[in-house]
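S.K.: Go ahead and model the full structure; you've got the sequences and the hints to work with.
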Amino acid sequence: DSGVTQTPKHLITATGQRVTLRCSPRSGDLSVYWYQQSLDQGLQFLIQYYNGEERAKGNILERFSAQQFPDLHSELNLSSLELGDSALYFCASSPQVTDTQYFGPGTRLTVL
Amino acid sequence: AQRVTQPEKLLSVFKGAPVELKCNYSYSGSPELFWYVQYSRQRLQLLLRHISRESIKGFTADLNKGETSFHLKKPFAQEEDSAMYYCALLYGNNRLAFGKGNQVVVIP
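Read top to bottom, the protein sequences are chains A and B.
Here the numbering used here is used: the first residue of the first sequence is 1, the next is one more, and so on.
Here the numbering used here is used: the first residue of the second sequence is 1, the next is one more, and so on.
Think of the hints as simulated: they come from the structure by calculation, not from any bench.
Using N, Cα and C, we set each Cβ at its ideal position, and we do this for glycine too.
A few of these clues could be false.
With beta-carbon atoms standing in for the labels, derived distance ranges [as the list claims (entries may be wrong)]: (1) B/15 / A/75: 24 to 32 angstroms; (2) B/51 / A/7: 29 to 37 angstroms; (3) A/88 / B/3: 28 to 36 angstroms.
Taking lysine-lysine pairs in the DSSO-like style, the calculated list, with each CA pair at most 30 angstroms apart, reads [stated by the list, open to error]: (4) B/57 / A/57; (5) B/65 / A/57; (6) B/57 / B/100.
M.R.: Okay, structure coming up:
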C-alpha cells in the first residue's frame, strides 16, 4: 500500500503523559498535514509541513508540536495530555502545497 | 474567518430515493470546495471537488457563489452510499476547513 500510513492505530495513555504519533506520506508527496477530529470540534487543521519546513499553523495547542524529517515522514508530539485531547488524529499528504490531500487511516488517542 | 456548515447530522433515505446533503460556507477569498467521504472503518477519501465539475459514483455538486453553497446530490441512493460525508473549504496555504459531517444511512 503506497498510501499515507499512520502508527500506531490506537493509543491509550494517562493524563499528563506525552505521546508521539507518526505519519508516512504517500511516495513522492512533499507536503504533510495534521488534523484533529473530536466529537465537539469536528475535523480541525493543526499544522502543515512542506519538505521539512513548517508551512502553516492552525488550531494547534502549545503543548503540541510536530516536525517533518528528511525522509519526509512526520511526527506529532502531544505533551501534558488532558482528557480533552482524546480524539482521532489524521495525517494527510499532497505532492505540493496546493494539491489534493490524501488522508491516512488515523490514530485514535484515548487519554484516561 | 472561514466556516463550513452542514446543518443535518443524520440523513436517512430509502434506496432509490434522491439524496441531498447541504453545505454552506463563508469565506472572504475565492472558494475552492470539496466533498470527502468516509465509509465504515475506512479512511477519509476525496469524493469530488468543484473545480473538476465531474460526477463521481453518481454524485454531483455545484458551487453557488450567490448562495455560498456547495450541496451534494445523487438522484438514486444506493446502499453502498451509507457513509459519513464532509464538506470542506480550501483556504490559505492549502488548509482545509471541514464541516461537522453528515451521516447518511441508506435503508434497503
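S.K.: If a hint holds in the structure, say so; if it does not, say that too.
M.R.: Hint by hint, here is what the structure shows:
{"no.": "1", "hint": "B/15 / A/75: 24 to 32 angstroms", "verdict": "violated (44 angstroms)"}
{"no.": "2", "hint": "B/51 / A/7: 29 to 37 angstroms", "verdict": "holds (33 angstroms)"}
{"no.": "3", "hint": "A/88 / B/3: 28 to 36 angstroms", "verdict": "violated (21 angstroms)"}
{"no.": "4", "hint": "B/57 / A/57", "verdict": "violated (34 angstroms)"}
{"no.": "5", "hint": "B/65 / A/57", "verdict": "holds (27 angstroms)"}
{"no.": "6", "hint": "B/57 / B/100", "verdict": "holds (22 angstroms)"}
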